[in-house]
Each structure stands twice: as structure tokens, then as C-alpha cells.
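> As a plain string of letters, each chain reads:
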Amino acid sequence: MDNYDNQTTFARDDDSVVVIIGSGAGGGTLANELAQKGIDAVVLEAGKLHTRGEFIADEWASFGQLAWLDNRTTSGTWRVARDFPNLPSWIAKAVGGSTVHWAGASLRFQPHEFRAASEYGDIPGANLLDWPIDYDDLAPYYDRAEDKMGVTRTNGIPGLPGNNNFKVMHAGATAIGYKNCHTGNMAINSVPRDGRASCVQRGFCFQGCTTGAKWSTLYTEIPRALATGHVELRPESQVASIEHDEQGRVHAVVYFDADGREQRQRARAVAVAGNSIETPRMLLNSATSRFPDGLANSSGQVGRNYMRHMTGSVYASFDEPVHMYRGTTMAGIVQDEAHHDPSRGFAGGYEIETVSLGLPFMAAFFDPGAWGRDFTEAMDQYAHMAGMWLVGEDMPQQRNRVTLNTDVKDAYGLPVPNVHYDDHPNDVAMRQHAFQQGTAIYEAAGANKAYRTPPYPSTHNLGTCRMSTRARDGVCNGYGQTHDIDNLFISDGSQFTTSAAENPTLTIVSLAIRQADYIARQMADGAI
Amino acid sequence: MLEQSMNRRRFLKASGSTLTGTLAMTSMPIAILAPSRAWALELQQLDAHQGEVLLTLTRHIFPHPTLEDAVYALVVKDLDAAASDPDVAETMRSGIAALDNRAGGDWLALDEEQQAMHVRAIAGSDLFKKVQSTAVVSLYNNEMAFRHFGYGGERGDAGYLSRGFNDLTWLPDLPASASGPVPGTNG
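Which chain is which? The protein sequence lines are A and B, in order. By this note's numbering, the letter at position 468 of the first sequence is numbered 794, and the numbering carries on one by one without gaps. By this note's numbering, the letter at position 184 of the second sequence is numbered 276, and the numbering carries on one by one without gaps.
Read the hints as simulated data drawn from the structure, not as lab findings. Please read these numbers as outputs of a predicted model, since none were measured by experiment. Don't be surprised by glycine CBs; every beta carbon is placed ideally from N, CA and C. There could be a bad hint or two in this list.
To give a feel for the contact side, a few chain A residues facing chain B, derived at Cβ under 10 Å [said to hold, decoys possible]:
1) R528
2) F617
3) G658
BS3-like mimics (lysine-lysine), calculated; alpha carbons at most 30 Å apart, straight line [claimed, not checked]:
4) A:K505 x A:K374
5) A:K775 x B:K221
6) A:K474 x A:K363
7) A:K374 x A:K775
8) A:K363 x A:K374
9) B:K105 x A:K735
10) A:K474 x B:K222
11) B:K221 x B:K105
12) B:K105 x B:K222
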């Protein structure tokens, strides 16, 4: 099994280390990439270490083990605020972050998605901006990330075998004329690779992969980083704030350890990768007289432009059994609607991916708050249901934002984050289109009835510290380096200037590899 | 539904602080799991009348005609445990008293349609919300429910690779270009 013992430890007053906050797709990858270059780093992870053998094939029990359940508040017109007012997102609090929980879909962004403002034009209410980097800047890093993660249908890796849920999707999708339908580009081993087994189709991707077939920083990047002797991992370390010196450069991170004791780790540089709710929360919680609006916030954009993707699900019932829960959760994809085609009545595109929930989570998420026969008659169809998740680009909006809720404090007395979200009319139009197309797929496969399920708590949290070319438009540059503070980096999906249609993890990993190269150059040049 | 309900009344009994019932055996997968046809639930906080009301109320909120009372009793069990909190106990005590009161003294004595009318009237009450939020977890998060609804639960832990992940035969097989090789086979 993987060795999680620290091969080295760093003193709290060692100011030569890079402090990385978070160990998921961004932080975990950055730690290993820096370690491989010989750069010392301390990883502060809020969650506990749960090794693969501890994962639980039980949805609610696993949720209690892995989910980020610290109190949060919500506002806005999104339905999540009504149904799950203290659970705006469904992400993990564990070593490995949400790469423990993710489904494995690894799609590159499309070139035009880096130029959303230019391509989509003026959309009222949308705070669109082109990324400061383009597809060609990221392409070599996509190559490296796909190889690192073992993405199917890249690097000669075969696709995963399709399960029952995908058979239904494929039959319907091809019947209505879709051409691009297959078992996806998945960071799940279809064949043994990189010391990890091939997938045995458990169907508990969301609950942590016990075989390690699914890529997670938990059993790839993190143990490899530790093995170099250049990285120290400190689980159960909840960061409260980041401190700066008289020159306005960050130089320490204050956190609470597993025993609730306040600690302070000196730092040469700090990389924040706490997912798009915690990352801006930390910056906002670090306000000082010099930075009264929080760190790296001269633009006022920290916490703003919160995106969570346009989502929704369609489930459908058939005469014959499907047993959608058998096998990989995200077992296949239709990509024919992923392009930008404003004739559909909205900007941007969406992906159609299979999804399945076990019976317990189907009850919880199918139609939250519902009761009576409409609900139970649908549940009675469980074994005969197929399911798909619709995921597309949502519009960045200034008022969709993470703020500090000073009325509600966490266990350490810190204000909890409030997440405000209103759908943009573009999101609503896209969801309507996606619901129609998803329903058409299932009807073409012979569905008796299709059900439209509202968005779950957000798994894709993006954009709250966005990249921009100009300092006044965003928080960080194309390398995730904040405009205001040279040695402070944003290393997770918070960097995203726009959401694109695709699942974000592959892009987060690619950006982290690229950022590691940049940090190493900056350190070598003495710039940070 | 009405006939089911009459049958249930015959099987479900309450006395002292115990709910007892008999499996109707309408769902064979559950019968296979059960050591015997009789089941009993000892209540710690609630009395038997309250237990029976809660079970029947749960049946109105999440009506599955062929799902055994024994599964609904798991919701009552969790509500009983929750009632160790005095505030929750009071919510249930006063809510059940109010339901009986508005039903002329004994809501359980009404026929199913009349019961349902009162359930609709209390939808949104603290009692209703407590039962609904408990039941949406408890009712669907147990092995008997998994068998009834056809979910594998932790049996999936070993993987479905050789146990039916792609056993659907009522649609065409996938073309190789859309799928991938099944490990351990030539396909």
C-alpha cells in the first residue's frame, strides 16, 4: 500500500518552503510537481487521511466520511438554496480532496472556450472575459496531465467497456442522430497502468475508488511527493488566514491543527487550492489594514463570478431492467451539443454524461422535498431506470459570489462562507434545451417516462479568483499568480476565467503542472 | 391500495411500547432475507399508538403499496431514537395529538382516503417535516429496501465486472468504437 509517512518535516519557522493549501487536483498535483523538481513544500489539508481500504460502499456512510460538511450558508434563487441551504456544494474534505470523490471524466476544454467574451459577444448580465491563456498554451500540459492520469482514449489507452446505463444512452443517442457517443475520456484505468489496477465496475466512484483504478491525488501524486523527501503533508489542518510582511508579500499561513491548536507556518510562497468556496474565503478572511478587502483583491473580484456549471439530470424508466448502478458512474458521453451554436438560443455548449445514484441518494436527490405518489411511483422504477447528467457552461456573474457570513461562525470562530447563486437566462435556456435533448435520447431508446431532476449541490465550483490579463479584471494572471502579490498563487478551479462546458479536473491538473514549472522558474530567477 | 391497507391493519399490531407485524411476503427478495415472518420493534421513547401513527403517516408520505411494513418500521425506529431529544419528542407528541384531534380523536380509525385528507392538511407542519426528512433517508437506506427496489448496495463492493455490469440484452450490443475491451475476455 501507499506510504503516507512524512519522510521529512519542516520547522514552523522555516521560511524557505512553499505552503500549499489543499491536496486535491490542484494542490496535490502542484505538491508533487514541485517535489519532483526538488522544491520543498508543506501541504496543509483540512481533511483527514482516509486510505483506499477505508472507503465505504454505502452512500450515506461514505458521505459522512468524505463530504465537506462544515457549515455554509446560501442565498439566491437557485433551488439548492431551498433544498440544501447549508450544503451548497458536494465536495470532499479529505486528503486527495475531491479527486477522491470525482467520477473521472477528463475532457479538454475546446479552443473557443478560452475566448468566451470574444466568441459569445456581449451577453447582458454576464461578466465574460477571455482567458489570459489560450488552448495552445495549455495543450502541452493537457498532454502531460492525460499521461499522468491515464485518461482513456489518449496515449493508446483503450476506452472503458460500456455498462448497462451507457447501452441505453448509446441506443437513444444514435437513434436521434448523434455521432459522438462513446465511453468517454476517463481517468479510470481500462487496463492496468502506472501501478494501479483496471476498473472492476463497482459503481461507487463517488464514494472513493477502493481499487485505485480511478486516478486520485490520494494514491498517486501525494505518496510520490512524500517519497521525494521534499514534501510534508499535514492533514486536519484548517487554514484560517494568510499573513503578509511589510512589503505586502505573503510570509506565513495560520491554521488550526487536529487538536484545534492555532499554528503558524512561515512560507516563501503560498499556493491556495481549497476549492472555489474555501479559497476566496481564506483570502477574504486575511484582510488587514494594508489589504482591507482581503488579499489579492484590489480588483474586487475575489469571491465573485462563482460558477457551478449549468447542470441537471434526466432519468427515464423502461419496460426492461437497466440496473444503472452497476459499473462506473460516468460510463459514457454524448458530445454533439458541446459546441457553441447560438442558433440553439444560448451561448456555449453542454456535455451529456451518464450518471447513476444508488437508491439512498436517488431518494434524496431525485426531487428534493417531494412526497406522495408521483415521487414513489418514480422510485418504484429504480431498477428500470437509466440516468444522465447534463453539464454545460454557465455564465460568470458578478453577483454570484462567495462572501463571509459574519453572522455565522465555524468551530474556530471564523465567519462561514455564504454562496449566492442566481441562474443567468443563458443557463436557463441551456438547461431547457438539454432537458429536451436528454428526454429525446431516452424516448428514442424506448422510455416509458422521463424525469427531469434539478441540479445537485455543486460538484464543480469555479471562478471565484479568476485569471485575467489586466489586474483590474481579475485576481490572478495566466499562471495563477495573483496580480497584487507575487508570491501568492491560486492553484485550483477558482482560477477559471469562464467555466467551459467540460468537467474541470483535467484542466485544474494541467494548470497545476504548468504553474509548477512557472514557480520553479520564478524561484530560480529569484523573483519570488 | 385500499385492500393492501386492510391487509396491513390485520398484520400490524401495537401494544405497550412494541410494534409487531407479519411480513406480507409480497416481495420475495425480502422474504429471502427474513429469518421469520414475524417482526417486532421495541420503542424506547414513543408509545405504541404513536409508533403506529408514525408508521401509517410514513406510508401516506411515501406510499409504496407492496413495500413491507417492516421497512416502514425502520423509519419509526429512527424517529423513536430521535425522540431522545426532548424537543423532537415534543414535536412528535404534539403533532400526533393534533392529528388525532383534527380527525375526531383517532386518525388511525379513519379510512385511507380520510386519513390522506388530514395528511395533506398537515403537510408542512413540524411533525410532517420531521417524518418526511427522516423517512427519505431511513426508508431507502436499508438492505430490505435495496432488495425490494432492486439496488445492489454493498454487494457492488466486489465489482460488477463479471456480475452483470453489461448484462442488458434488450438493446443492441455496443459497437467496439463506442466501448472498450472487457478485462479478462477477448472482447
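> Please go over all the hints and tell whether each is borne out by the structure.
Cross-check of the supplied hints:
{"no.": "1", "hint": "R528", "in the structure": "5 Å, holds"}
{"no.": "2", "hint": "F617", "in the structure": "42 Å, violated"}
{"no.": "3", "hint": "G658", "in the structure": "8 Å, holds"}
{"no.": "4", "hint": "A:K505 x A:K374", "in the structure": "44 Å, violated"}
{"no.": "5", "hint": "A:K775 x B:K221", "in the structure": "28 Å, holds"}
{"no.": "6", "hint": "A:K474 x A:K363", "in the structure": "16 Å, holds"}
{"no.": "7", "hint": "A:K374 x A:K775", "in the structure": "42 Å, violated"}
{"no.": "8", "hint": "A:K363 x A:K374", "in the structure": "27 Å, holds"}
{"no.": "9", "hint": "B:K105 x A:K735", "in the structure": "48 Å, violated"}
{"no.": "10", "hint": "A:K474 x B:K222", "in the structure": "48 Å, violated"}
{"no.": "11", "hint": "B:K221 x B:K105", "in the structure": "25 Å, holds"}
{"no.": "12", "hint": "B:K105 x B:K222", "in the structure": "23 Å, holds"}
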